[in-house]
Amino acid sequence: MKADISAEIGGLILKNPVMPASGTWGYGEEYAEFYAPGELGAVVVKGTTLEPRQGNKPPRIAETPAGILNSVGLQNVGVEKFISEKLPFLKKNKCTVIVNIAGDSVDDYADVARRLMDEEGVSAVEVNISCPNVKKGGIAFGVNAASASVLIKSVKKEYGRPLIAKLSPNVTDIVEIAGACIDSGADALTLINTVRGMSIDINNRRPLLPNCAGGLSGPAIKPIALRMVYEVKKATGADIIGVGGIECFEDALEFIMAGASAVQVGTANFYNPMVMPEIIAGFGEYLEKNKIGSVKDLVGVAIR
Amino acid sequence: MNFHDGLSGEKIFFGLSEVINIKEIVRETFLIEISSSSQLAKSEPGQFVYIIPKMQKRTVLPRPLCIADADSETVKLIFKIRGKGTLCLSELGKGDKISVMGPLGTGFPLPREPVLLAGGGLGAAPLYFLAKKLRNNKKTSLLLGFKNSDEAYFIDEFKSIAKNVFVCTDDGSLGAGGNVVEKAGEIIKNEKVICACGPRPMLKGLSDFAGKKGLRIFVSLEERMGCGVGACLGCVVKIRRGGKEEYQRVCKEGPVFDGLEVVY
Numbered sequence: 001m002k003a004d005i006s007a008e009i010g011g012l013i014l015k016n017p018v019m020p021a022s023g024t025w026g027y028g029e030e031y032a033e034f035y036a037p038g039e040l041g042a043v044v045v046k047g048t049t050l051e052p053r054q055g056n057k058p059p060r061i062a063e064t065p066a067g068i069l070n071s072v073g074l075q076n077v078g079v080e081k082f083i084s085e086k087l088p089f090l091k092k093n094k095c096t097v098i099v100n101i102a103g104d105s106v107d108d109y110a111d112v113a114r115r116l117m118d119e120e121g122v123s124a125v126e127v128n129i130s131c132p133n134v135k136k137g138g139i140a141f142g143v144n145a146a147s148a149s150v151l152i153k154s155v156k157k158e159y160g161r162p163l164i165a166k167l168s169p170n171v172t173d174i175v176e177i178a179g180a181c182i183d184s185g186a187d188a189l190t191l192i193n194t195v196r197g198m199s200i201d202i203n204n205r206r207p208l209l210p211n212c213a214g215g216l217s218g219p220a221i222k223p224i225a226l227r228m229v230y231e232v233k234k235a236t237g238a239d240i241i242g243v244g245g246i247e248c249f250e251d252a253l254e255f256i257m258a259g260a261s262a263v264q265v266g267t268a269n270f271y272n273p274m275v276m277p278e279i280i281a282g283f284g285e286y287l288e289k290n291k292i293g294s295v296k297d298l299v300g301v302a303i304r
Numbered sequence: 001m002n003f004h005d006g007l008s009g010e011k012i013f014f015g016l017s018e019v020i021n022i023k024e025i026v027r028e029t030f031l032i033e034i035s036s037s038s039q040l041a042k043s044e045p046g047q048f049v050y051i052i053p054k055m056q057k058r059t060v061l062p063r064p065l066c067i068a069d070a071d072s073e074t075v076k077l078i079f080k081i082r083g084k085g086t087l088c089l090s091e092l093g094k095g096d097k098i099s100v101m102g103p104l105g106t107g108f109p110l111p112r113e114p115v116l117l118a119g120g121g122l123g124a125a126p127l128y129f130l131a132k133k134l135r136n137n138k139k140t141s142l143l144l145g146f147k148n149s150d151e152a153y154f155i156d157e158f159k160s161i162a163k164n165v166f167v168c169t170d171d172g173s174l175g176a177g178g179n180v181v182e183k184a185g186e187i188i189k190n191e192k193v194i195c196a197c198g199p200r201p202m203l204k205g206l207s208d209f210a211g212k213k214g215l216r217i218f219v220s221l222e223e224r225m226g227c228g229v230g231a232c233l234g235c236v237v238k239i240r241r242g243g244k245e246e247y248q249r250v251c252k253e254g255p256v257f258d259g260l261e262v263v264y
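So the sequences go chain by chain: A and B.
For the first sequence, position 193 matches number 193 in our numbering, and the numbering has no gaps at all.
For the second sequence, position 71 matches number 71 in our numbering, and the numbering has no gaps at all.
I should point out that these hints are in silico values taken from the structure, not numbers from a laboratory.
Watch out, some of these pointers could steer you wrong.
As the list claims (entries may be wrong) - Simulated pairs of lysine-lysine, BS3-like, Cα-Cα distance not exceeding 30 Å:
1) A:Lys92 to B:Lys11
2) B:Lys138 to A:Lys57
3) A:Lys57 to B:Lys212
4) B:Lys252 to A:Lys92
5) B:Lys42 to B:Lys23
6) A:Lys81 to B:Lys252
7) A:Lys57 to B:Lys238
8) A:Lys57 to B:Lys84
9) B:Lys212 to B:Lys84
10) B:Lys80 to A:Lys91
As the list claims (entries may be wrong) - FRET-style restraints, in silico, Cβ to Cβ:
11) A:Lys92 to B:Gly242: 25 to 33 Å
12) B:Arg82 to A:Gly160: 45 to 53 Å
13) A:Glu120 to B:Lys23: 39 to 47 Å
14) A:Lys81 to B:Pro114: 24 to 32 Å
15) B:Glu18 to A:Arg196: 38 to 46 Å
16) B:Asp171 to A:Ser105: 32 to 40 Å
17) B:Arg240 to A:Ala213: 23 to 31 Å
18) A:Ile13 to B:Glu113: 53 to 61 Å
19) B:Leu260 to A:Lys92: 31 to 39 Å
20) B:Asp150 to A:Arg196: 55 to 63 Å
21) B:Asn136 to A:Asn204: 40 to 48 Å
22) A:Gly160 to B:Glu245: 51 to 59 Å
23) B:Arg112 to A:Tyr35: 34 to 42 Å
24) B:Glu113 to A:Gly160: 53 to 61 Å
Backbone N, C-alpha and C define an ideal beta-carbon position, used for all residues, glycine too.
In isolation and in its complexed conformation, chain B is listed as follows (with noise of 0.2 Å):
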């Protein structure tokens, strides 16, 4: 396959990037930086990239990535081994060159109110990335849940740019034990929006939690995906609004979406 080279768009990066660095930051989930571009430096939080992986394992399509961060020199993707595809790309080493499509999707608003920051396991990874965009608002508190604490990661990184972060696990081994729906109830106190990412179990409980208190959610979701550019409408989720239900793409509306609109 020949890629053209400075051919990608005003808006989305299509070419080549370098792995500046690759590791394992917790069993099998990887943080890989890539090289970044002048579209790749104004990506938002809760966007993505798109990531080809090499064919070896005869796979087609990209897997699309979360951004755990991006500025003008890198950026910082978060990604845990579910298939061949993340097989693939748990192998590439420093120096490798991946083609990648990027930033996509709708991320984040960028709330001026308190907000807490919701994230589950491989959740966490955007909120990262939306805590440090949210650094001027002093009224951000972050809640972040796993299964156990082999399966923690960032704690420190989210540490040094937010104040109240609270941790949580399934068993208790970290912070307090629980799950982060279940925290969400104890720690809010005057937020009045909800930014959340991890599994649609976590973000249903947390849509439920904030349709009674009368709070603002928004909530990244996934799906299995084709183009990545809203064109061939596989990888939609029903959205009711004013009384009416449509599939809105979860690629190109989403992947972030009113958590009150979405049905879960």
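Chain A on its own, in the form it takes in the complex (with noise of 0.2 Å):
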């Protein structure tokens, strides 16, 4: 019997858990020179907003060990230019959309989500309440438990397909707030978003990003992460996307194994075009070699 690697994720079939983190991986059409986006689970694109936006100054990155610190800031074409000049390649590529949205108030955020009900390309959203680059909106929304739930509510009216909350790592009781989303009506979760840090440049004695602090990615916060995931899991039960400085099979697995039923790889893709597609074989020979049917078998098999 061929190994199942299919995975659900907030009543969403994917045929495989792997897909890019949000920012990482554009629209699906720079990486395609590697090979075809559909061999993905899904492909979640671009933080989109209302209006299309220009994003921070640069410099945008800076290398941290271990890591890197972004703060891109939204930078996106908006949501009509996503449907009319982004969507229909995707589609084309038959992947399972799912967009992250963002905007500056709970309003922008149903209006983004109401547009893209009307596209059947459109999977499933993720609400991303925990951007740390952006002035208004975004992280604003997701730090504490009652402001996050009336944003799900709000985008929950207008969305009926799979809505899934994307998590910022930058608060004080995570699970609160996980709880609070799932109450809400989100059918799932994403853990974690970029956590907050700093880089200095010591010849110009000022912080490297004109935004003074940025989001860290990469292998630097994945035992962050992965802690998130496992707390998260192991107090409400909910179905979670993990991400957070995964860079091969084996540190998916460890996502998987804390309670993630999907992950998201975004750093790793920089410096490994090819990582996504090594994870989905990974999976494949790891059920075929140890005999389990399935990778939802595996699903927060570590949770004490």
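Dock chain one against chain two, each of which comes alone in its own frame, and use the hints as you go.
See below:
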């Protein structure tokens, strides 16, 4: 019997549990040179807002030990251009599309969600209540349970397909926020967005990023992400997409065992553009070798 | 980390290359020659390759290196030690295998009209590749600027492929004294186009000069880079076109841009 590497997240069936983290894989076109984007479990596109955004002033990236800080700031083409110019490519390649959505206000998020509900080619939305690099919106909604709850409820009213909330690690108690999102109608959670950090340019005696702080990603944050996935799964039982520092199959497996039903890969794409197909192949090989029927049988097995 | 072999794309090679030669051509500046591929052989001047340093110094990102020459046998890259990643690369030896992605980005056009190639410091390297491709254009002149004679490299190589090679140094220790921007004003005659690579103040100065003189100018820019293929929007530069400003990607639309459109 062939190993079953399919995954299920908030009612969404995926052919495998691997997808890119929003903002690290553009709109799928950029990596099409290396493999067909339809091979992935899903494609999560760049954070999309109602109107186009310019994003932050460069430099936007600083390398740190085993990680990178970024402060891109939601540069994107806006929801209309996404639908007219970017979505057709993903549909043509038979991708399961998850759109990460963001905005300055509750109404902004609701408007983007309503517009995407009209598009059959969009399978789910990932509500970004955790972007650390914009002044308004983003993380402001994700740092307390009450504001997260209001936002998720408003998006849920507009969007009938699976709704995933992407949470920030920059909070006192992530279990509380996770619980509030699930109680307000989120079908699944993505854990975690980047960890706020900083780098100083010692020659110029000021923060290297013009925005001062940025979001840390890469192998440096993997233990933080794993711990949060584990705690939230244990406390809530919610469907979780695990993300943070995954760079090989074994890393992905750790997240599954900690309670994630699927994983996202971000920074590792930058230094190994083949990392996601490698992880997908790794799941198949692991299940066959260990005579395990399905990836689903491994979700949360490490929880004590 | 494991890499797929032979799974690179039609245009972009991604896999292991062998270090054929590496040498320090001037202090802390290295010429590294690596084995080529069908995709790398089609590199264009101004494009770059992404080299992934071994992670012994806890680096994660690849390093963008300019292509100084490329054919079906080898690819020549030049880099200067700037930090941990380039330090790792400088420690490579003959026969080592390194992970390479490229060619990436949009390079220089190949002008048919009289053209001045202006390079500052490390920025001279991609112009060597460009000068070679422009060998049929007899109206190509070169202006190479360095801090001092100790930092100058490739002068004989440039002279072997181009007739008009002007060298200047900030302290006058080699060629004329002065910088590239000052010298460009003195040597330019009937050139219609400038192709330039070097520090940003030099590129700004040359762009201002070209604007005043009504010349076209193409500049090769650097920025801190993430994915190298246009996905992460990490390495942007502000471009003004038709009265509108927008961020464009140094790794995709660039690294070569119309110098008159760059908001420096």
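We went through each hint and held it up to the structure:
1. A:Lys92 to B:Lys11: Roughly 21 Å between the alpha carbons, so the hint for Lys92 (chain A) and Lys11 (chain B) holds.
2. B:Lys138 to A:Lys57: 41 Å, violated
3. A:Lys57 to B:Lys212: Answer holds: Lys57 (chain A) to Lys212 (chain B) is near 28 Å, not above 30 Å.
4. B:Lys252 to A:Lys92: 23 Å, holds
5. B:Lys42 to B:Lys23: The given pair, whose Cα atoms are some 24 Å apart, holds under the 30 Å limit.
6. A:Lys81 to B:Lys252: Given that 30 Å is the threshold and the Cα spacing comes to 20 Å, the pair holds.
7. A:Lys57 to B:Lys238: 9 Å, holds
8. A:Lys57 to B:Lys84: Distance ~25 Å between Lys57 (chain A) and Lys84 (chain B) Cα, so the pair holds.
9. B:Lys212 to B:Lys84: Roughly 41 Å between the alpha carbons, so the hint for Lys212 (chain B) and Lys84 (chain B) is violated.
10. B:Lys80 to A:Lys91: Between Lys80 (chain B) and Lys91 (chain A) the Cα gap is close to 44 Å, so the pair fails against 30 Å, i.e. violated.
11. A:Lys92 to B:Gly242: 25 to 33 Å: 31 Å, holds
12. B:Arg82 to A:Gly160: 45 to 53 Å: 52 Å, holds
13. A:Glu120 to B:Lys23: 39 to 47 Å: 58 Å, violated
14. A:Lys81 to B:Pro114: 24 to 32 Å: 41 Å, violated
15. B:Glu18 to A:Arg196: 38 to 46 Å: 41 Å, holds
16. B:Asp171 to A:Ser105: 32 to 40 Å: Violated, at about 58 Å.
17. B:Arg240 to A:Ala213: 23 to 31 Å: This hint holds: roughly 29 Å between Cβ atoms.
18. A:Ile13 to B:Glu113: 53 to 61 Å: Given about 59 Å between the Cβ atoms, the range holds.
19. B:Leu260 to A:Lys92: 31 to 39 Å: Since the Cβ atoms of Leu260 (chain B) and Lys92 (chain A) sit about 37 Å apart, the hinted range of 31 to 39 Å holds.
20. B:Asp150 to A:Arg196: 55 to 63 Å: 43 Å, violated
21. B:Asn136 to A:Asn204: 40 to 48 Å: 45 Å, holds
22. A:Gly160 to B:Glu245: 51 to 59 Å: 39 Å, violated
23. B:Arg112 to A:Tyr35: 34 to 42 Å: 39 Å, holds
24. B:Glu113 to A:Gly160: 53 to 61 Å: Holds, at about 60 Å.
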